[in-house]
Each structure stands twice: as structure tokens, then as C-alpha cells.
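There are 4 protein chains.
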Amino acid sequence: MSIRFGLLGAGRIGKVHARAVSSNSRAQLVAVADAFEQAASDLAGQYGCEVRSIDAIESAADIDAVIICTPTDTHADLIERFARAGKAIFCEKPIDLIIERVEACLKVVDAEAATLMVGFNRRFDPHFMALKSVIERGEIGAVEMVQIVSRDPGAPPVDYIKRSGGIFRDMTIHDFDMARFLLGEAVETVTAHASNLVDKAIGEAGDFDSASIILTTASGRHASISNSRRATYGYDQRIEVHGAKGAVSAENQRPVSIEIATADGYTRPPLHDFFMTRYTEAYANEISAFVDAVESKSLPTPSGLDGMLALALAEAALKSVKEQRAVKISEVTGALATRDVFQGR
Amino acid sequence: MSIRFGLLGAGRIGKVHARAVSSNSRAQLVAVADAFEQAASDLAGQYGCEVRSIDAIESAADIDAVIICTPTDTHADLIERFARAGKAIFCEKPIDLIIERVEACLKVVDAEAATLMVGFNRRFDPHFMALKSVIERGEIGAVEMVQIVSRDPGAPPVDYIKRSGGIFRDMTIHDFDMARFLLGEAVETVTAHASNLVDKAIGEAGDFDSASIILTTASGRHASISNSRRATYGYDQRIEVHGAKGAVSAENQRPVSIEIATADGYTRPPLHDFFMTRYTEAYANEISAFVDAVESKSLPTPSGLDGMLALALAEAALKSVKEQRAVKISEVTGALATRDVFQGR
Amino acid sequence: MSIRFGLLGAGRIGKVHARAVSSNSRAQLVAVADAFEQAASDLAGQYGCEVRSIDAIESAADIDAVIICTPTDTHADLIERFARAGKAIFCEKPIDLIIERVEACLKVVDAEAATLMVGFNRRFDPHFMALKSVIERGEIGAVEMVQIVSRDPGAPPVDYIKRSGGIFRDMTIHDFDMARFLLGEAVETVTAHASNLVDKAIGEAGDFDSASIILTTASGRHASISNSRRATYGYDQRIEVHGAKGAVSAENQRPVSIEIATADGYTRPPLHDFFMTRYTEAYANEISAFVDAVESKSLPTPSGLDGMLALALAEAALKSVKEQRAVKISEVTGALATRDVFQGR
Amino acid sequence: MSIRFGLLGAGRIGKVHARAVSSNSRAQLVAVADAFEQAASDLAGQYGCEVRSIDAIESAADIDAVIICTPTDTHADLIERFARAGKAIFCEKPIDLIIERVEACLKVVDAEAATLMVGFNRRFDPHFMALKSVIERGEIGAVEMVQIVSRDPGAPPVDYIKRSGGIFRDMTIHDFDMARFLLGEAVETVTAHASNLVDKAIGEAGDFDSASIILTTASGRHASISNSRRATYGYDQRIEVHGAKGAVSAENQRPVSIEIATADGYTRPPLHDFFMTRYTEAYANEISAFVDAVESKSLPTPSGLDGMLALALAEAALKSVKEQRAVKISEVTGALATRDVFQGR
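Chains as they are written, first to last, in the UniProt record's numbering: chain A, 1 to 345; chain B, 1 to 345; chain C, 1 to 345; chain D, 1 to 345.
It should be emphasised that the hints constitute simulated quantities derived from the structure, not laboratory data.
Take these hints with a grain of salt, some might be off.
For identical chains, the list gives no copy identity; a pair is met inside one copy or between any two copies.
To be verified - Each computed DSS-like pair below joins lysine-lysine, with the alpha-carbon atoms no more than 30 Å apart: (1) Lys322 x Lys15; (2) Lys245 x Lys200; (3) Lys93 x Lys107; (4) Lys245 x Lys322; (5) Lys162 x Lys245; (6) Lys200 x Lys15; (7) Lys297 x Lys162; (8) Lys107 x Lys200; (9) Lys162 x Lys107; (10) Lys245 x Lys107.
These numbers come from a predicted model, not from an experiment.
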């Protein structure tokens, strides 16, 4: 029997998930809610499902799971609400921009024994999945150095930047999650440098557009992240992991893979120019993994804790930029025995 | 308004087209027919359409177009029948294995002014489309040499081989079409060498499994084709076009693009192992192009004539192997004023 | 003790060999001869050796081996002369443009039991050597299809063309040798198509500038060669060999291997623009292999017979273009029992 | 007229420079000195030059320039001595392991107006030179992020490690120089993390074998360096520079560039396994650049100051690892007005 979905939020990313649900043979899109009536009804029309209010979805007997794609500041409230309503929850990242709010939310999830998955889509990119498998099969030996390059084709509008929580919480958070995913060991310190090279307005809004980050673990593994809000050549997304026995890398994806040779040299077209075309398969695989977890009543990954820990790395990175020093994760997660709280799950 | 489709044949390739139609917002799958009741009803169930007989589809007022995916020996008859019924027709290659039968069929299509498109899916591969665009924009100057490598991961069963019309009509025919598509000038001669290196049973069935072909045009352009029924490294599909000002190539596609570096060197996983995964996007684009043509009442490409001319190249190749000489296309298309017959369209 | 060399011909290729000899610790350049006194004395000055006449080199007790880099029409005479003088001989390709003259010359070499190596430098390119080793180690199984792309950056002057013996004897002859080297089985038929697309003056001189060739062997192996006298992107030299268990390829070499990414895409600089920079290492390795043979008194490869058989393929190719059919090698080598003549060696 | 060289030190790197000098038409190797008589006479025999003592070279009228390849702890003394003797000096890196000693030495060089070049060979690698040219031509706009991956095939013996000054002064120093060379702006801070993952003995000797470093400049440019003393896949040397208008990268060099395709995938052989084969051309170009400077009486690059500043980055990196914070360059160069001292030159 199919998992029946309610979709909260019919915006850009909501549409991506609607398509993923409707093309998944084990999932069914039952209802969509959005503050903008028209957005909800357009999407409902396209996929032959109903428009409902969030309240109606919450109390609906014919909804097993929700996908939360509403504005960030509503995520934590909605997670708590649907956890209490007994629905499985897929929530777009981040759970909240403030780490204490995330922790409070996750306590409710924990208390309700709710199923919560956080939308770090990159873990489900087929190329990154293959890279991860190579590591897990031991082909490169123990992981030593993870290197992530992650650059956007262009900076978002400053209005977006202002609401975004800053580059670390908005953009690097994906890389923090991938670094955690690949290091195979808890991150202990974060060192970050950030600057304003792309757009002065970003700096004026108090944010950065260029960043270099090093994460370290207790055993001495490193992850390096290089971020820029600008890459004229397209959406630059590369990962390389160096280990004791070798290395594995995932190269950039290209919408067309031709090469033109002339007197000027050999030229291949630019990369994808948008994260949605770059990660099309990742979004579909992500929903499929969530359906797996709901069907099998197992804990989905990335979990709420994964969401919180990536946010903690962002916090630590910001602190590191300000204080020009390595910041321990324990400094930002404070006295909370993070691991213990969730260990039971 | 959507183009309403009837699908004739619910086998492997029928399923591919059913998916393409159903995911095309301007198309609608109304009915499916198949000699095996179960195959038809399974597919109908999956896409929420009806099972009908071929007769019912022929006379249906709610069907605008048909897709013919039945066995090859039924293609020409069905094309004629649906041309007379006023339906737009998409037919899988080949129209028939015998060139005279194809010509007779195309005369009916012509007389009925029917819309006919032949399923040479590779023209719609996004990478090959991009390569073609580079040529059309003049970036490599006048085309001089086309080189096609086309190798299957493994040989089909001998039973299939026996019904296939032989390597040139079954496998090389796609390369003949691509060569014609890219040469930009009519092929004048075909020289082919073929041998039996992969599977003795194929030779015993009177066919070849390895072939090298050169096509020439009046102005002296060449196309080279290299075929094998075996490639341990996957479905090998490469095209390179060399021109007066440069060259353009389309490299192989890979399901995962990672690279593993160890003491043994740098290794990337094998290619796609199946034409359906390799050409997924091509199949979708192909149906979309057909819908374009039906909507705009324009002549689709590749046309019935394209289908016939690719078959003529296959005929000529076979004759060349037997007679160990360059064979002129005019030798196999005979006294028929091929071009004139279709010039009116 | 070093092998002591006399160099006959101080032109472009003579200089290449002079450098190779002088940088080889087992070789010593003793004397150089050239019809142009100045050319000889310049080269002698550069490498600290003597200028001598050909006669003096022939009778010199302090010369073990000669390198023949004089004009083509003197090669056969010089080979015979130095074979009789008991010197080891390295001769630039071709031995002669006329196959009967080559055969006569080789009979003298044979009668004198002289050491003769022919300058097919590509066999000594480190990348092609590595490719050959992969085949010999059985990593790709039995060879099935050899594919050679060989394009010059630009056409030579028509004056050169007129003296060259034509594209097959001048340019393709290297590819014929590589095809023979890699096929691992005697070539049985040659089919060639050639045209005039690059420079009309070449056509007016009775030659071609673009060619496609297929070679076949008794067991059904194929080699395909694609030639052009023009490649805007540089000196294009690629080989790919497909076998029963896999394939191996040698990609183009580049003088600089950087890549520039901009909004226009990813660009790598053009290839080498000259055969001498492309094959620098090959020329050095070639002389080293000759020194090996002279030192060990073993038969060098490529031999005089290799030189003659490559020329025979060129002859057959020309005949194939004229007669538009597959030409058997036996047609051009005539009644001569080629193999038997040389079998004793 | 040729520049006449004395070579001090006939060890591994001395041999590399002897070859470079002897194959440079504008240079002449006149004498070689080494504490081991045999080493000196072997090298002298090979290149036809004299064995002399350092004293004799110092006072020789027929020596214009010296190449210092003796043990590190003799470099500064020899530089001072030959600066006073009026010889042009090429010195292998580093000038000394202690920054104060380097500064004192450079003051002598300055006072004597001597010509001093430091052996950072990578600046002369043709691929890195091409990359630098792309930046200088403005093709990627203002530099924003430099990324250097530099990994050795294997760790050196612990005995070497103990004398090496540690990973930052011994290995990363090359990367520090390249980062300085490419950033186009003075480095302001260094943040480094280092650990011991490859060989416990290295850790026991008080050194690290794995390091990640971030350099920043006043305007907010970043350079990231990733080092490991182990790379099973060969000598891994990559540089990528991202700028406002694009990026440029130099990929790894391979001794053979073939690719083998089998059922296991597509495999290319490992990288070079030794810095001397990887940087063969760089060593030759480096000596050529030194000859240029001596001939033209211009200041060579990299200069003594470049040598000192790379060492300062190494000092700062070590301090950063210990103190877990970003270290300013001014902290390690102290009160010395470094720039002013050398500004006159």
C-alpha cells in the first residue's frame, strides 16, 4: 500500500517534492496546503490531488506523512505539531536557524517517537552515493581528508540573504552535512575564514560570500570546504575523499557532455546552472528513502540530530570567523548531552 | 489540448513509450493494445488508460495518434492502416526489413498525406542534439569526417539474431541514420567489412557480430562506423565529427561519474549496460518532438524516407561485404526515383 | 663500449637523431655528412663531431652504424652500400617509394646479413608502447578492432606533396605500420576511400588530403584509419584497440595540461602543433632500441620487411581508391614469396 | 658567452642541476665540489668538468655562478661566502630552517648586491606557468580562492624527517611559495591543522604527516592547502585558482596516458611516483631562468625574500597548530621591517 502524503508549501522546492512523490510508485500525493491559495490549487491540479488547510491535513485519517516546505521560521512548529499528530515528517533543511529551538523541537520528536527526516538532498545524489559506497566497501582504506568544493553559479538577492541565516547556515550547511556523512567520525573543531568578494551588498547585509573551512576529528581526520556564491562556469559541486589506501572523487555533472575542438583549444559547455537540474535524481531518491523508512518503520537518515549537528557546525564556523580561532563543537552545543538525548533512538 | 495516444504493443519498447507519453504534459495515453492480454492490461493499469483492440483504436474518435511497437513484420501493414484511418503515426524502426515493402508503404503514407515519424531515438539524445547544434551553428566549419563507434555490451540471443534482419538492418541501422543526420549530404557509396569474432552461433546463423563501414558522399565527405556486438565495458556510443574549422565529439555516458584512485591507478565505473538507461532522455525527447509535429501539423523528422534510406544503407552494406567492393546507393534503391516520390512533401 | 655513429643528412630529422644519439650514454656521434657543407659543419659543431664525406664514413674503421636521413630517393642505394660496408643501418622511412626497389634492396640486406632498422618512430612513443604492453599482457583479450585517428595540423606545401609519393606513402604509412604492429596478424585486404577537402592544390597535384581506410585480416580483425591533412586543434594522434575482454586507448598529448573554466565553458589548450614536439620521447627511444639491437647483435624492429609491408599497404590503398574495391595485399606484392625470402632472418 | 657554473654538492638534486646546466646551451658546467670525493668525480666524469674544492671555486676566475645543493645547514654560510666572492648564486630551498638566520643572510646578499635565486622549482613547471599566465592575462578576473593539493607518494624515512625541520618547512614550503605566487597579494594570516595519520614514527619524531592550511590576505582572498605524506596513487600535485570571471586548474601529470576499459571499468595508470620525474621540465626551466637573470643582470625570482617569506608561512603554520588559532605573519617576522629592508632591490 502506498504512503499517502500531504505537502505543506507549494513553492519552488514544494514542486520538486510533489513531482518526486507522484513519480514514486509507493507514494501518493493526497493533499497540498499553501498560504497562497493559487499556488496550492495549481499544484493540486497538476497532480490530481486536493487542496487542504494545514489543520485539515493534521487531522486527516488519509494522510500518513507530510513534507514541510514552508518558510524556515515555521519548520520547528510544524514538526512538533505533526509529530504529535502521529504523522511521519520530511522537513526541508534547516529545522530552525537557532540551535536551541532545534534542540527543543527534537525533544518533542523524541518524546513522540516520531519519524523525522531532514532534507539534505545531496546524500542521495547517485554520484555521491556511489562515492560513499566506495568508502564503505573499504576501497580507499580509513578516511583521512575530505575535500568539498561547493560554489553557486551566482549570489541570491540580498533580500534572501537577509532572511537566510548567513552563508554557513544557508549554503555551507549542505557541505557540513556531507563532511559529517563522509568523515565517519564526529567533528571536534571548526576553523573558518570568510570574506566578501562577490557582492558588496552581501557584506553590507552582514554576511559573507566566500568561505574556507577546516573541520577536524579526534583522530586527526580533516575536512576542507571551499565555498563561493559565484562561479561563472556553473554550479560547482565536487567531493574528494583521500584515505589510507587511495582516494575517490565525484566530478561535476554537465547537462551536455560534448567537446568542441578548434584552433582555440578543446571546450566543453558549462556545468548545470541551477541546483534543481543538478540534483534532479537526488530529490527523487531522497523521497524514495523517506518512503522506505516510513514503510519499514525504521529511523530515517539524515535524522533530526543530523540536522542539528550540521547547524551546530554553522554556528561554530561563524564563531570561528569572529574569534579567528578553532572552535570546538562542544562550545556551541553547550552543556547539552546531545548524543545521550538521542541515543535511545 | 493534449494529443491522445493509442499504443500498439506493450512490450519492452512499448513500456518506454508509455512512460514518455504519460510524463509529457501535452500528451495523453488513452488506450493500449497487445496480442498478450495481460501485457496490455498491466500497462493500462499502471498508466490509468484503457485496453482496446487494434480495430477499436483504428476507429476511435478519441485517438489522435498511434505508436507502433508491435513485431517488425506488422509495421508496414499497421502504418498503411492507420495512415488511411487519419491517425498520426510514430513507428519503431524499421518500417520493414525489405526495402520494396518500405517503399510501397511510404507511397500509401504519401497518398494519404499522413504524418509518419520513425523511431531513430538517438537523434534526440541531448548530447547528440548538442553536437548537431554545434555543426549547424558552423562552429566546426564544413563537415569532413564523421566517426561513429557503436558497440553493444553483449550479443543478443541467436533466436533474436535470426529474426533481426542481420547486424546492418538491426544494429548498424541506427548508426546509418546518425551518419546521414550528421554528414549533411546524401550518401553515395557504402563499403563494409564484417566478421564473426564474438559468438560462433551468430556466424552459424548467417550473421556477423563485428563490422567496419565507410560511407562516402559526392563531395568527398566520409563517415566511418565501428560496430561490435560485445563491449565488456558497457554500451559504447560515441560520435565525433571533424570539419574544416574544428571537431566536435560526444563522449560516452556513465551511470555514475566517480573515480577511484589506488596503487593500481585511476578507475571509473563501466558505462551504462543497456540502451534503455543510456537513452532515457532520448526516448522522452523523441515523443515530445512527435507531439510537436502533430500539434503543428508539420512533417516529423526522422521521416519515413529517413527510415527507408537507412535501410538502403544496410542493404548496400550487406552487398558490399559479399562483393568486397564499394556499393552505390543507387544500386539498391534501383530504378525508383526515391527523391522525387517524396519531394512533394 | 659505445656504438659509434655516422649521420647521413643534417636536415630537420637528422638533427633530431643527432640529439638522440648524443644524449644516449651508449652511443657516440662520430661524424656527419651532408651535401650542404654548412648544414654538416653546424651540426658537427653543436655536437663536437667531425664532418666527413659519405665515402669516408663508409670506409671508416671508427664507425659502427649509420643513420640515413638523406632524401628518400637515395635511401635504397645507401642501405645497400652500407650493408656491404658492414655497418649497422638505421634508415628513415620509407626505404623507397617503389616496392620493387625496396624488395631488391632488402635482398642485398639479407645477403649481407646486415642489421637494418626502419624509422617508424611511433612504435616507440611511451604511450603507444604502454598500449601495446597492455595488449601483450592479455588485458583486453584477443584483438578485434584497431582504430587509428591521425591528422596533421596543416597540409604541407604542394612542392613537398609532389615529391612525397602521395598521402598513403607519406602520411598513412605510419598508421599502416601501427595497424600492423597492433593487429597481431597479417593484413589481408585494404579498402580505402580518399578525397580532396582541405586544399585544392593537393588535388591538382594528383594527391588526396582526407582518407578513410579499413584493413582486414584472415581471422576477421579490422583496423580503421582516419586521416586528414588538416586539424585546427593540433596534431591529432589517437589509437584505440578493442578486444574480446576490453579495450585500451592512448589519448592525445598536450604541451600544457591546464583547463580554464568561464561562462563559455571549460577549455583546454590545443594539442601539440608539430610531430617533433609530439614525438620527442619516441625519437629518443627509437635510437635507444637501435643501439640495443646493435649491441646485442639481434634483429631490430621495425625491420626492412616491416618497412616494405607498410609500403605494400600504401600501394594497395591507392589501388583500392582507384578501383573502388577491397584489394588483397598479395595483389601488390605480386608473385614474390615475401615471407619466405625473409624467413631465414 | 656561456655562464660558467660551479656546482656545490653532487647528491641527488645536484645531479638534477648538473644535467640542467649541461643541456642548456647558454650554460657550462666547469667544476663540481662534494665532501665525498667519489660523488664529485663521478659527476665530473659524466659531464666532462673538473673536481674542485669549495675554496677553489670561490676564488676561481672562470666561475660566474654557483648552485648550492649541499646540506641545508650549510646554505646560509655558503650564500654569504659566494655573495662576497661576487658569484651569482642559485640555492636549493630552504636558505635555513631558522628565520632569523635567513634574515641575516639576506642582509649580506643585499649589502653585496649579490644575485640570489632560491630553488622553488614548481614555479617553472610548464603547466603551472601556463596557469599563472592565464591569471596574468586576466582570463579568470581577480583571484579569489587558490586551492593546492600536494601529496607525496610515501613518507620519507624518519631519519630524514628528524633533520627536515618538519612538514611545513620541508614539504608545505613549496605550496606556501606557490600560494604566494598565485594569490597576487601578501598573505596576512595562516591557519593550520596537522595530524599524524600515515606513520606513527613520524608523530613520535614530533612531526606531522597530514595537514590542512588556510591562508588569507587583506582583501579577503583565501588559499587552501591539503598535504599528505602518503598517496597510493602517486605524486599528487594539483592547483586550482578560482576568480571573479572563472577558474583555471592544472591537473596531475602521468608518465603514460593510456586508458584500459574492461568489465571492471575504465582505468588509467597511476601518477608519477617521484618528484624528479614529475618536475623534469621544471628543473630545466628553473636553471634557464637563472641563466636569464645572470645574463641580463636582473634580479631573479624566486628571490631570497621569497625564500624567507615561505619560511615565515611555515613558522606561522606551526604556531597555528600549537595555538589553535589564526596566526598573523607579522607575529613570526617580528619587528623586522621585512619589506623595507629589501625594497631597494
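Results of checking the hints against the structure:
1. Lys322 x Lys15: neither (38 Å within a copy, 50 Å between copies)
2. Lys245 x Lys200: between (44 Å within a copy, 16 Å between copies)
3. Lys93 x Lys107: Cα proximity of Lys93 and Lys107: one copy only (17 Å, versus 58 Å across).
4. Lys245 x Lys322: This pair counts as between: shortest inter-copy Cα distance 29 Å, intra-copy 37 Å.
5. Lys162 x Lys245: Cα proximity of Lys162 and Lys245: across copies only (25 Å, versus 44 Å in one copy).
6. Lys200 x Lys15: Neither: 32 Å inside a chain and 53 Å across chains, both beyond 30 Å.
7. Lys297 x Lys162: neither (39 Å within a copy, 51 Å between copies)
8. Lys107 x Lys200: Intra 40 Å, inter 42 Å, cutoff 30 Å: neither.
9. Lys162 x Lys107: Within one copy only: 29 Å inside, 52 Å across.
10. Lys245 x Lys107: neither (41 Å within a copy, 47 Å between copies)
Hint compliance for this structure: hints 1, 6, 7, 8, 10 are broken, all remaining hints hold.
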